[in-house]
Amino acid sequence: MRINPRLEQNAVKVVLMVLTATTVGILLFIIGFILRKGIPVLSPAFLSHNPVDMGRGGGIFSTIVGTLVLTLVAVLIAAPLGVGTAVFLTEYTWENRVTRIIRFGADCLAGIPSIIFGLFGFILFVTKLRFGWSILSGGLTLAFMILPTIIRTCEEAIKSVPASYRQVSFSLGSTRWQMVTRVVLPAALPGIVTGIILSIGRSIGETAAVIFTAGSALHLPTSIFSSSRTMAVHFFILAREGISMSNAYGTAAVLVISILIINLLTYYLMERFIRKYS
Amino acid sequence: MTTAIRVKGFSHFFGSAQTLKGIDLDVLRNEILGVIGPAGSGKSTFLGALNRMNDLIRGSRTEGAIEIDGKNIYDPDINVAELRRKLGMVFATPIPLPRSIFENVVFGTRLAGSGSRTGLVGLVQDCLEKTTLWEEVKDRLDASALKLSGGQQQRLCIARVLALKPEFILLDEPCSGLDPISTAKIEDSLRLLKRDYTIILVTNNTKQAARVSDRTAFFLGGELIEVGPTDRIFTTPDDRRTDDYLRGRFG
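Taken in order, these protein sequences are the chains called A and B. Take the first sequence: its letters are residues 1 to 278, numbered as in this note's numbering. Take the second sequence: its letters are residues 1001 to 1251, numbered as in this note's numbering.
Derived DSBU-like pairs: lysine-lysine, alpha-carbon spacing no greater than 35 Å straight-line: (1) B/Lys1165 <-> A/Lys159; (2) B/Lys1207 <-> B/Lys1165; (3) B/Lys1071 <-> B/Lys1130; (4) A/Lys159 <-> B/Lys1021; (5) B/Lys1086 <-> A/Lys159; (6) B/Lys1147 <-> A/Lys159.
Derived by calculation from the structure, the hints in this document are not laboratory data.
Required output: the full structure, derived from the provided sequences and hints.
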């Protein structure tokens, strides 16, 4: 049977629009639902006070701090490792069996469920290395979890820098390292930052890997050896133990809003950066 | 005229393919040497051998020697970055880096580590004047180089090479993507630059070689067929293949 091409064209258009609308609709529904339930809970006091009575009262200040510090530690460890690995793979080796194995390994790691990373972090950092439930253990675990993503996104970003830029840089007498720092990395920066931001988003929202390694202590962390609870873990415990659904939604709202702010800020900074360099 | 570059029995291979076959050629100081030949004749490879840009291609291997100031540039103790500064290269398509006009010109200078902006202003003006670009861009040195027209970009690329204070300028079909007016401007610059530099011009456009080069070398299938004063090569070449190529019988 032959379908009239114009009819087909219109039908496809409608179907694609419905699919898009569904996707966007689900997304907006989730965000709207959380914000509608959560925003009434939000207040300056909710943001600036520590939880009281397991989270039934008080605010979520210590979990905000915990989330920020943990994410910071993870990114500070993973970003240099990831960018360095990506630079090595793209600029300092020819494509060969070893680079393919490394890349394949990174892809496999990226697909491993986060709870496995949590278990691994618990065994290695918490017990074997005796870091205990701490920001250090949690940060290291998160770092390993986001490392593959950072490596692969950075690699793609670096590969998308035109080969001709490298040629020009070399022809003007640059060493390889000068070429990397002055030509390749600035040109790849938007992509690299995007990869890191994606990873930050994953770290902030991560629960399973964190609860095993950073613990769930409610007090304000005092050092990287303190156990600490992140917002995501706080939400999980509040909701699962049925401690306070309203505070759980409040926490979720703060999480969603902070991720939105991070993304917007990044787009803004990247726009400015791109305008400056091109 | 003295010899500036002496190429002695030089061969080049990419993997198992031989792309240059025992080239013997002297480049004279302050001449424009035109290099012509059909696609795949090895002329660009020859250019890339002179500043060792070919090293960057996987599987690249050489035999024989290329001597500059009596020293083989393929000796292990050669500083390749310095060598490339001495032999500045201009590519077929203009490749401005994504930064300002000013920063493009001083890119190589900054690599060498010398650098406050005030100290570089004179250099930038000088290099842009030599490529007849100064008047067109002097009011917007901080504008992005990517916003220039193709011809302006290519002159910027030449200015960027001049800023290296090279002895040689290697041009790889520098006008292949440009209109006749831009091409004429670049050819004018080359005639001026000849006083201070030795220029090797690879071109697909035999008329361009006839217009600007003092001597012309004809490459075919990785071999140097012949080299001589441009008017002789274009009127009474020794080799029939040169004559055939210039008359458009092949290539």
